[in-house]
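Undergrad: Sequences are here, hints too, so could you generate the full structure?
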Amino acid sequence: MRALPPGFPQRYSHRFSHDFPQRSAGLAGRALTVLRTRFSVLAGTVAACLLTACATPPSQPPSPPPTARPQAMPLPQAQVQAPAPMPGATPRQRIVQIALQEWQRWGGQTIRIGRDDTACVVSSPLPPPPPALPDGIEELLQNGSLNASSADTDESFGTTAAPGCAGFPDGTGMEATPQGCALAQRYWAIVGKEVDCQQITEGRWAWSAVFISWVLRQAGLNERQFLTGQSHSMYVVDARDGILPAPAFRLEPLPAMPRPGDILCAGRGRDKYLSGVDEIGFGTTPMHCDIVVEIDATARVVKTIGGNLQQSVSMELIELGDSGMVDGFTNSHAPWLVLMRNQLP
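For reference, each letter of the sequence shown is one residue, going 15 to 359 in my numbering.
The set of hints was computed from the structure by calculation and includes no laboratory data.
These figures come from a predicted structure and were not determined experimentally.
Among these hints, one or two may not hold up.
Listed next, with one range per pair, are the computed distances between beta-carbon atoms [as the list claims (entries may be wrong)]:
no.: 1; residue 1: Gly206; residue 2: Gly295; range: 35 to 45 Å
no.: 2; residue 1: Pro80; residue 2: Glu208; range: 35 to 45 Å
no.: 3; residue 1: Ala260; residue 2: Gln107; range: 10 to 20 Å
no.: 4; residue 1: Pro143; residue 2: Asp210; range: 16 to 26 Å
no.: 5; residue 1: Asp310; residue 2: Ser346; range: 21 to 31 Å
Idealized CB from N, CA, C, for every residue including glycine.
TA: Okay, here's the thing in structure tokens:
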């Protein structure tokens, strides 16, 4: 029998070089294959990381925290003519200074709320119109109108029909000018609404509450401290019911002596003489509120600034009664109901 040459018998894979995978010999071969595979995967991962600089997709901004009640997204127009920076000012000081800045932008109109039960415009950048109103207009103003965008439809707050007492009915005054319209449109933008100049002059689009909302947002109050609203009763009820985690205001009954940065509120129209804050309905009770900006103890006068007062941002000079404090009965044209006491520094 002929002897086989050295190296025989050979494995099948040694005799024919095939490209298809072949079973490795023994456990050592299988382990080597696993290691090679893992190394290849690791090498590919490292190479990909180097090529992309190990970039990770940018993280998405966190969603805003839920608020105690829904808040509309402010429109960009709310930031037009934003207040000047106030480095070092406290929140209370910013509220007062922003209110004063806006009052000056509107021309500095002033209303006297007298102890003699009168409420008259004593200075204005515009001459007052004739005092007579068409038949039925006064009743419409008192009772409001249908489909109103704000519950605060009665614009008769702080006015009187006394002879010689100047006033501006709807459709007149600074809000009827291009400048006034542009300024008031910023206030509506803080609650996400875009209104035209015709709407600005209509009582059903009363803008006194959005003025307050705009000032407080511009002063830096966040949604834990104050929630904006198109009716004063919205944020008054917020404070009454304690829905905010860090409220900027608490309600205080009258008579009381306010401080700068506080907010004075009264009922109006059909709810002019409420007996207490428990009667206020959220977004349904017509009201008016002013920001307190100064206390003149010598003259016994409290100075406040409010929106949509005589169709402008106006300063009210509130003459104090016999108690020396703000109350709800000294002047029937401004029957103050409650003080929103500012708790901020």
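Undergrad: A separate judgement is required for each hint: does it hold in the structure or not?
TA: Now for the hints, and whether the structure bears them out:
Between glycine 206 and glycine 295 the Cβ separation comes to about 22 Å, which falls outside the hinted range of 35 to 45 Å. For proline 80 and glutamate 208, the Cβ-Cβ distance of about 26 Å falls outside the hinted range of 35 to 45 Å, so the restraint is violated. Separated by about 19 Å at the C-beta atoms, alanine 260 and glutamine 107 satisfy the suggested range of 10 to 20 Å. The given range of 16 to 26 Å is respected by proline 143 and aspartate 210, whose C-beta atoms sit roughly 22 Å from each other.
At about 23 Å, the CB distance of aspartate 310 to serine 346 agrees with the hint of 21 to 31 Å.
Checked against the numbered hints given earlier, this structure breaks hints 1, 2; the rest are met.
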